[in-house]
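Add chain B to chain A, keeping to what the hints say.
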Amino acid sequence: MPDSAPAAAALTRNNVRVSGRGTQPMLFAHGFGCDQAMWRFVAPAFEETHRVVRLDYIGSGSSDISAYDHSRYGTLDGYASDILEVCAALDLSDVVFVGHSVSAMIGMLAAIREPQRFARLVLVGPSPCYLNHPPAYSGGFNEDDLRGLLDMMEKNYTGWAGALAPVIVANADRPELSQELEASFCATDPVIAGHFARAMFLSDHRVDVPRVTTPSLIMQCAHDAIAPASVGQWLAQHLPNSTYHALQATGHCPHLTHPAETIEVLRRYLAAPPGAPVVATAA
Amino acid sequence: MTLAPYDDAAAGLLSCTIAGRIIRANRMLVRWVQHDTSLTGAALHDLLTPASLLFFEIQLRPLLALGRTVDGAFVTLQCRDGQQLPVLLNAVQPAGGDEVHMAMLLVREREEYEASLRQAQHAAEQALVIMAASARAQKMQAVGQMAAGIAHEFNNLLTVVRGNIDFAQQEVRSAMLEATSIGDDLDAALLATDKATDIVQHLLAFTGRQVVTRANVFLNDVVTSASHLFVHAFGRDVSWQTRLEPELWPITASADQMQHVVTNLVLNASDAVRQSGRAGIVMVSTENVGDWMMPSGRTADGVRLVVTDDGTGMTPDVSAQAIDPFFSTKGIGNGTGLGLSMVYGAVSALGGSLVIDSAPGAGTRVMVTLPRAG
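Those protein sequence lines, which keep their order, are chains A and B.
With the working numbering applied, the first sequence closes on residue 283, and no number is skipped along the way.
With the working numbering applied, the second sequence closes on residue 657, and no number is skipped along the way.
The hints are simulated quantities; they were obtained by calculation from the structure and are not laboratory data.
Here a beta-carbon is modelled for each residue, glycine too, at the ideal position from N, C-alpha and C.
All the given hints hold, so there is nothing to weed out.
Derived Cβ-Cβ restraints for the label pairs, each shown as a range:
no. : chain 1 : residue 1 : chain 2 : residue 2 : range
1   : B       : Q366      : A       : P274      : 47 to 57 Å
2   : B       : E392      : A       : A67       : 35 to 45 Å
3   : A       : A7        : B       : E392      : 49 to 59 Å
4   : B       : E382      : A       : L202      : 29 to 39 Å
5   : A       : D69       : B       : D640      : 13 to 23 Å
Okay, chain A solo, but in the shape it has when bound:
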């Protein structure tokens, strides 16, 4: 068993929530710019069959910002360490990891380091590298685009726009006001978010992809502006034991915009043997 003090620390740091009646753990990790609230339309569907674990990355949602360490979270490896520490704290094994966007890559990094913990990886809108590296690889963005995004984030977090400053929730100690608590979703610490965005958008993890041995599902959306189909197909070619599935859902957040199809595909993938294609669904 892991040492209890650091274990408890990981659970507080990442605001880990456990629910469900099943035994096999299903760990839901949110994408950049949001928090565990983004799984609210999908995760409950698995509480009957799985032990559902949700977390907030540090700087997001109700994570413990005091545990922030600038150098640790300078790369996605720091976030992968958090995933592994949460797994250790809950003594999880045979985990189905469901990661959206940047979390897909974080999950791959975690599975490379401790493959024995993971049964499957479900990668929703994954990308190992957002930058174009012509002619072999088209990540979808130029360095200028990504710098522009960082600039835009800075204006929105700390500038006069301030549209995304964390929402301060009054009466957090009064559970009867849980409706208001919902307003805190996607609250993000601006400084940490900027650093996270750099770690996410300026990194290139293509060399790590072939080192993943855990069976995985690549969920590719139609018209995904963040992770285009060309990236999903690149992954399908280079990620061992992967299953590629093109969703009918459009955009980058199928679990928010098309939860029914997302749940259906997830269920079918988990029911099929690893590596088998997901039978097309009637969406």
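For chain B alone, kept in the frame of chain A given last:
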């Protein structure tokens, strides 16, 4: 259908499906982005710059899908002619619906104003940093001048005192051979004057005005020959390690002065270990540094001496004062507070730099870098 208040509103208005297909947009918005007639059927993505599109998808889309209103987000529209229009965006996705409604305000001037504010803030921060550095340099210079003045006056007086004691001693000796206790008193007075002279030498070294003969010196030799001076002073709780670069470049310096430098740094380090109350280690290393940025701003080859300990360490406050003359952490009677200022003076006079890296409980690392000889 056209509706004047809608079409001519002083704002860009747009509705689209959650998949980003534009259902309707007002004339004002069409005019802004310079599309010919209508935007109906076009993709929202085509109206946004790549950065804005990224931002919208990863940051605003989840908020909308979760039912939160986007209130005053900053995004940039992409016009037909390649221009970019900064706008403030309000958006909402009514519960249960599959449409997103948006309103935008042009904020070009505000954006420029904001950019100039950010630039001004950046410049002010830079200026503050430079001011702090120059204030520190001025302070050290003032302290140096004062020390030089005091040392000079003091030295003159000491010479007079010492000469007179000498005379008195000889006269006393020849006049009253049996009066040994007076001779002892005078001996003690002489010893005290010699000590005072030592302090004066240190002060002069701090000001960099001491006349020294310089030659090619190899720091490794200095460390090795100095080590016998301090190793026996360490006690059993302090162990000692060296990591010396075998091909170390020479420096131009006085070997004696360098021995003072090394001895001072190592003794400070061992004191820090002892103060921690635990057994610890003092490490001395040397290395060659190519492309070293000298304090003067030029780059040159340098030779570096690093003294590291795992002792008590210093708070930023203490570490900032560490090289000030007469500043001591060792308590009254245990140190002159001149050791590190002497080291700083000697190193500065040689065109070198001294960097202290320390934190409470994490030990201290002092890095001295001097220009390569030649």
